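Can you build the whole structure from these sequences, using the hints too?
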Amino acid sequence: MSQREHPPVLAESLGKKYSRGWALRDCSLEIPAGRIVALVGPNGAGKSTLMGMITGLLRPTTGRISVFGDVPSGRGMHRSVAFLTQAKPLYPQFTVTETLKYGRNSNPGWDQAYAEELVEKAQVPFAAKVGTLSGGQRTRVALALALGKRPRLLMLDEPLADLDPLARESVLRTLVEECRAQGITVLLSSHVLAELEDVCNHLVLLADHRLRLAGDVGALLRAQPEHRTLSQLALAHMRTEVAA
Amino acid sequence: MTWVVWRQQRPVFITLVAGLVVSVAAVLLWRAATVADVQAGNLADCVLRGLDACRGKAADEFQDAWFDKLHIAQGTVLAAPAVIGVFVGAPLFAREFEQGTHTLAFTQSVSRTRWMVTKFLVAGLPALAVVLVYQLVVHSWLDVAGELGPLATGKFYFTTFESQGVSPIAYTLFAYTLGMVAGAVFKRTLVAMTLTLAVFIAARVLISGLRESMITPTRVVTDDLDGRTVLDGRPLVLESGYLDAAGAVVADPTPKMNCVGRGDAQGIVDWETCYRENGLAQRYSDVIPADQATALHLLEGAVFAGFAVLFVLGSVWAVRRQV
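Protein chains in written order, with our numbering: chain A, 163 to 406; chain B, 45 to 367.
Hints listed in this document are in silico derivations from the structure and should not be mistaken for laboratory results.
Source: prediction; values computed, not measured.
C-beta atoms are modelled at their ideal positions from N, C-alpha and C, and glycine is treated no differently.
Careful: at least some of the hints might be erroneous.
Using C-beta positions, here's what the derived DEER-type ranges look like [as the list claims (entries may be wrong)]:
id : chain 1 : residue 1 : chain 2 : residue 2 : range
1  : A       : Pro287    : B       : Leu234    : 32 to 38 Å
2  : A       : Pro287    : B       : Thr120    : 23 to 29 Å
3  : B       : Lys113    : A       : Asp273    : 24 to 30 Å
4  : A       : Tyr180    : B       : Thr238    : 43 to 49 Å
5  : A       : Arg221    : B       : Thr197    : 53 to 59 Å
6  : B       : Leu282    : A       : Gln255    : 49 to 55 Å
7  : A       : Gly377    : B       : Val61     : 57 to 63 Å
8  : B       : Leu342    : A       : Ser181    : 43 to 49 Å
9  : B       : Thr120    : A       : His353    : 54 to 60 Å
Structure follows, in structure tokens:
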């Protein structure tokens, strides 16, 4: 009940410093529930660092972060959050069936029927070992594992990076359909701005280790009418960063 | 969660069990041959009472055939903990970090601590059981050779001591948790394996040198100054020397052992009288009696187990740490 009042992600002057320097600094933002958020920015802007701190894999150097009201820690990830990293790690020696069984064993709210349905839709053979699957099939299995958890916040770090255009299209479509249908908040990072165009209704733009722009896409475009699309808007902001 | 770890550890477990089955089969075959040789040579009595009780060709031949093999078998029991540490303990977490699958594990709803504990138990318990079974099987072979085999050197001879009682299990626990913490901290399988082997060997050598001082020795005093009396049950002799008439230890008995020119007409020296006249009254030995061997096993085992607890806590810290 109290979780309902808390937004999926709330960050206050959040910062992360590695030995080589700041990856992200002074980032205050709120990700409202039910949005599909595009997290964009040039390489090294701090996108993965921000996601790492939301999952609890990374510890903030400064500031505070809460996920559905809880502070992410090293004890384990919030049970309402699912995370799919760029590398999509899965146990290569497990079969697809075993991978889903892994999800069932590791998550109390697991929805086996739903996860199986997602794998079936993707036409991935259940008996195949994960190590033998194609990049697209692996992504679909990883997505089934993430969604089978029935999360309320789904984070995807460059989920489409190693896929061919057809696979990208079908993965993205599945993702959006499922999340819209279930009101899951999605935080999606990608370099390919055009892909996010029709999908995302909220924008978080990082550049040079800082938060540059955050808000509803429609509202941002109305405020800056010289940009007609999300990609133009994002690109313009990244350009000014590089120029500066 | 148990199933998950079980599924991951399956290849390791199958390898361990296959190795155990082959080794046990080999040991049992040799054991059968040893039993046959004992019967053929009519050595049952020598096995109980030792080589001194039965001089004979059959006993010598038996020792030529089996003594070294039995010794090597004890050596394999000593090596087993290192194998478990290097091949089961070290990759346990290092492999997850290397493959990046720790992110997968850390982003499920199961807490990291529970994930860790499950991995620790599901991978560790079968490994401990394998070592225990192997130890018992090897020991049943040694018992067949009895006093004609390596057991004749007493309970404290290092290959016998370290391959008996709780020791192999304590060493295995140490090596396994050492491998685990090395893997969790350094996150590289090869680094963890190398480190486990090196630290394990160093710790074993060091602690086996120290273990004698873990028990206060018992002083055995005898009037037999020749020192030919055999002590009961072959205890571990830490120190021996002479006492003067007042019962104090003679710091440097060498000058008092000078009996030149004390021989009788035939040149035979009565050592005992000579020593006594020189002021050496009694002979003493500081020993750990054979019946305290179990206590020493437990004490040394407790030291290794103590380190194992530290290593487990270290692993918990390393796995729960956020970078």
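Point to revise | C-beta pair Gly377(A), Val61(B): status relative to the range 57 to 63 Å that was hinted | key: Holds, since Gly377(A) and Val61(B) (Cβ atoms, about 60 Å apart) stay within the stated range.
Exercise for review: With 32 to 38 Å as the target window, see if Pro287(A) and Leu234(B) comply at their CB atoms.
Suggested key: holds (34 Å)
Check your understanding: Quick one: are Leu282(B) and Gln255(A) within 49 to 55 Å, going by C-beta?
Key -> holds (53 Å)
Practice item. Confirm or reject the claim that Arg221(A) and Thr197(B) have a C-beta distance inside 53 to 59 Å. Key: holds (56 Å)
Point to revise | Hint check for Asp273(A) and Lys113(B) - Cβ pair distance inside 24 to 30 Å | key: violated (60 Å)
Exercise for review: Take a look at whether the Cβ-Cβ distance between Pro287(A) and Thr120(B) falls inside 23 to 29 Å.
Suggested key: The hinted range 23 to 29 Å is violated for Pro287(A) and Thr120(B), with Cβ atoms some 44 Å apart.
Check your understanding: Using the C-beta atoms of Leu342(B) and Ser181(A), is the stated range 43 to 49 Å upheld?
Key -> holds (46 Å)
Review point. Between Thr120(B) and His353(A), does the C-beta distance stay in 54 to 60 Å?
Key: Because 56 Å falls inside the window, the suggested range holds.
Practice item. For Tyr180(A) and Thr238(B), compare the CB-CB distance with the range 43 to 49 Å and indicate the outcome. Key: Violated, at about 27 Å.
Checked against the numbered hints above, the structure violates hints 2, 3, 4; every other hint is satisfied.
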